[in-house]
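A.B. asks: Residue-level listing of the chains:
2 protein chains.
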Amino acid sequence: MRFTIDKEQFLKSLNAASKAVPSKSASPYLTNLKLELNEKGLEILGSNGDISIKATVPYMVNDREIIRNVGLGSTLVNSRILTEIVRNVEGGELSVEVIDEAVMKIDDSRSSFKLNCIKAEEYPDIDLERSGTEIKISCYAFASLVDQSAFAASNKDVRPILTALHLEAENGKLVATATDSARLARKEITIDDNTRFACNVPAKTVSDIVHMFDNAKEVIVSVSPKKILFDFDNVIVASRLIPGEYPVTRSIIPTVFNYTLEANAAELLSAMNRVRILSADTEPVVTITMREEEVEVSAKSDTNGSALEKISTYQYAGERLSVSFNSQFVIDAIKALKCEDVTICFMGEMKPFVVKNPKDNSVVELITPMRTF
Amino acid sequence: MRFTIDKEQFLKSLNAASKAVPSKSASPYLTNLKLELNEKGLEILGSNGDISIKATVPYMVNDREIIRNVGLGSTLVNSRILTEIVRNVEGGELSVEVIDEAVMKIDDSRSSFKLNCIKAEEYPDIDLERSGTEIKISCYAFASLVDQSAFAASNKDVRPILTALHLEAENGKLVATATDSARLARKEITIDDNTRFACNVPAKTVSDIVHMFDNAKEVIVSVSPKKILFDFDNVIVASRLIPGEYPVTRSIIPTVFNYTLEANAAELLSAMNRVRILSADTEPVVTITMREEEVEVSAKSDTNGSALEKISTYQYAGERLSVSFNSQFVIDAIKALKCEDVTICFMGEMKPFVVKNPKDNSVVELITPMRTF
Numbered sequence: 014m015r016f017t018i019d020k021e022q023f024l025k026s027l028n029a030a031s032k033a034v035p036s037k038s039a040s041p042y043l044t045n046l047k048l049e050l051n052e053k054g055l056e057i058l059g060s061n062g063d064i065s066i067k068a069t070v071p072y073m074v075n076d077r078e079i080i081r082n083v084g085l086g087s088t089l090v091n092s093r094i095l096t097e098i099v100r101n102v103e104g105g106e107l108s109v110e111v112i113d114e115a116v117m118k119i120d121d122s123r124s125s126f127k128l129n130c131i132k133a134e135e136y137p138d139i140d141l142e143r144s145g146t147e148i149k150i151s152c153y154a155f156a157s158l159v160d161q162s163a164f165a166a167s168n169k170d171v172r173p174i175l176t177a178l179h180l181e182a183e184n185g186k187l188v189a190t191a192t193d194s195a196r197l198a199r200k201e202i203t204i205d206d207n208t209r210f211a212c213n214v215p216a217k218t219v220s221d222i223v224h225m226f227d228n229a230k231e232v233i234v235s236v237s238p239k240k241i242l243f244d245f246d247n248v249i250v251a252s253r254l255i256p257g258e259y260p261v262t263r264s265i266i267p268t269v270f271n272y273t274l275e276a277n278a279a280e281l282l283s284a285m286n287r288v289r290i291l292s293a294d295t296e297p298v299v300t301i302t303m304r305e306e307e308v309e310v311s312a313k314s315d316t317n318g319s320a321l322e323k324i325s326t327y328q329y330a331g332e333r334l335s336v337s338f339n340s341q342f343v344i345d346a347i348k349a350l351k352c353e354d355v356t357i358c359f360m361g362e363m364k365p366f367v368v369k370n371p372k373d374n375s376v377v378e379l380i381t382p383m384r385t386f
Numbered sequence: 014m015r016f017t018i019d020k021e022q023f024l025k026s027l028n029a030a031s032k033a034v035p036s037k038s039a040s041p042y043l044t045n046l047k048l049e050l051n052e053k054g055l056e057i058l059g060s061n062g063d064i065s066i067k068a069t070v071p072y073m074v075n076d077r078e079i080i081r082n083v084g085l086g087s088t089l090v091n092s093r094i095l096t097e098i099v100r101n102v103e104g105g106e107l108s109v110e111v112i113d114e115a116v117m118k119i120d121d122s123r124s125s126f127k128l129n130c131i132k133a134e135e136y137p138d139i140d141l142e143r144s145g146t147e148i149k150i151s152c153y154a155f156a157s158l159v160d161q162s163a164f165a166a167s168n169k170d171v172r173p174i175l176t177a178l179h180l181e182a183e184n185g186k187l188v189a190t191a192t193d194s195a196r197l198a199r200k201e202i203t204i205d206d207n208t209r210f211a212c213n214v215p216a217k218t219v220s221d222i223v224h225m226f227d228n229a230k231e232v233i234v235s236v237s238p239k240k241i242l243f244d245f246d247n248v249i250v251a252s253r254l255i256p257g258e259y260p261v262t263r264s265i266i267p268t269v270f271n272y273t274l275e276a277n278a279a280e281l282l283s284a285m286n287r288v289r290i291l292s293a294d295t296e297p298v299v300t301i302t303m304r305e306e307e308v309e310v311s312a313k314s315d316t317n318g319s320a321l322e323k324i325s326t327y328q329y330a331g332e333r334l335s336v337s338f339n340s341q342f343v344i345d346a347i348k349a350l351k352c353e354d355v356t357i358c359f360m361g362e363m364k365p366f367v368v369k370n371p372k373d374n375s376v377v378e379l380i381t382p383m384r385t386f
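Just so you know, the sequences run in chain order A and B.
So in my numbering, the last one in the first sequence is 386, and the numbering has no gaps at all.
So in my numbering, the last one in the second sequence is 386, and the numbering has no gaps at all.
I should point out that these hints are in silico values taken from the structure, not numbers from a laboratory.
One thing to keep in mind: the hints can contain errors.
Since the list gives no way to pick out one identical chain from another, each pair is judged satisfied if it fits inside one copy or across any two copies.
[Unchecked claim] Simulated pairs of lysine to aspartate or glutamate, EDC-like, Cα-Cα distance not exceeding 16 Å: (1) K127 <-> D315; (2) K132 <-> E307; (3) K323 <-> E103; (4) K132 <-> E97; (5) K37 <-> D294; (6) K323 <-> D120.
Please put together the full structure from these sequences, using the hints given.
C.D. replies: Take a look at the structure:
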């Protein structure tokens, strides 16, 4: 294998593929990237077994030659070292040549590296073929679907299914649901066709993937029984799915409420952030006490003392109500909604409540209150 | 105790004093700050036993009233919680009142906090009186003294004396020396009078202290047998000293050399930073090979391969010489010198070498080479 390559394009693809590469691995081959120069360009593949990323440097970008002086071939080379070298060289172009399937020579105008490398055949077989149900979505829409829901998934492995983002396509809608059993987030987007599928993607993985979209416009998502595949802008990402039945959550979300608070999101956030300073070493429980004449946010700690703040911009409809909750859940929910005003709908002191964007019905954040006595 | 205080000035002093406060402590009182409002202003004291910091908010700053509506007194209050609260309130002024020596009320226009607090008498006695030999130095000069030397101290507790920065004042000079036994840094500054003292200050502590100087112009350093005290700009910092005799280092530094390399500091740094990528998981050993016609920086790793870079801007006088070293030591030394060109003087392949600023004789960095076979 031999090629001369534009440094920035090489680095961009190395950065993408190396995201999947573990720093340590039981299989020594997985700490490597697989580089393959073929008729499509330079394909760079990284994998940790659960998630695999293939980024392709094309021969041409906007009529500019990116790879030249080529001899096709493939090899395995340490991901971290190769990426660090390409990041740190000063020249705009690099010459790469693999000699005797054992040494990769990398030269720019100043530096000369000889990296030990391994035959490409040693790399595990990784299936990155699209199969199963396919759907093409705007990256922006899919990223908002994930960003507004995946944060509510569990980060504990006690019930693996709760670490998933549940994706369900049906009747022209794609619905994403995540819950750690104390809170739930649900977001839907409209999809064009009558695609039908349901799957459970690791929530952390799919969050990482949408942050790789960068300037990509559209993503092709394909779902098959054991894997989900994302294809966008010269990058293909495959992730395993989490097996098992996702809990039925649709009926949990209440629709009739007795109390409704509408408040300025920024003011509510900063009030909660201040009063919860008191619960420094414990769960950051905050209480919100609402009457039509007054809304107060407060927190109390046996060790540290108490804090109280009045909200100035609000509208409240309902009897006097006091609800306590893990403030992190409400802060996460409000931030995910990305709106100026926020509506919180309650059914009672100990009943789950809903945090909503009054201007957007496509997303619902549900939170279970806490007892404070 | 009661006062109304400017938020920014209060926060500045809280930030300073809380730097000494441990997040956990065997003595529960030490996670608190001691606040005392007396005729000098609001004195805020934090300590971890080894280092103590007292920051004073004065009544007036540049004819502007900072503290008003006062009732003298003192109390102990949780450092982290108080500092976080003052950092996060929105108003420009805070009212503080201690009620029954048990509750500190803090109010701004929006928020109201009641912090549990403790009688000031519970706090350990901390000696912040100036005593012993005293010297007044420009903060800039003292900070450069410390920044160019303290980094070479050991960060391992095997020989506690090597974790110290050795300060010695004699014959109109103040000399700072640090060594971890594989490298040594020595910097001197001129002092006005005939002050004489010698002491061993924890190197990490004194580095932290000079970074607190901020806009202060002068610092009064006073050295007594068991403690060193720094007094600058409404802040007093006291540190314990490290007991024991500092090793005699003056005779170690060679003065006659057989080989001299002068090179551009930035070029040498980036060449070392690139080639040492190869030694990712081991000590970052780099070899420099010098002839009058060519200077090369290289690194080798059995696992990863090898790297080589030629230096373009240099002057070398001497026979061909090849020296290997821990590149981190040379990088630290060059960075500490803060100069455009750097001079490295060698006596031989396995003899300690000296890294110098050709325009500044006040600082010497000595490094022991390594064997690479």
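A.B. asks: Please go over all the hints and tell whether each is borne out by the structure.
C.D. replies: Verification of the supplied hints:
no.	hint	result
1	K127 <-> D315	between (62 Å within a copy, 11 Å between copies)
2	K132 <-> E307	neither (71 Å within a copy, 36 Å between copies)
3	K323 <-> E103	between (56 Å within a copy, 13 Å between copies)
4	K132 <-> E97	neither (21 Å within a copy, 56 Å between copies)
5	K37 <-> D294	between (33 Å within a copy, 12 Å between copies)
6	K323 <-> D120	between (64 Å within a copy, 12 Å between copies)
Of the hints listed earlier, those the structure fails to meet are numbers 2, 4, in rising order.
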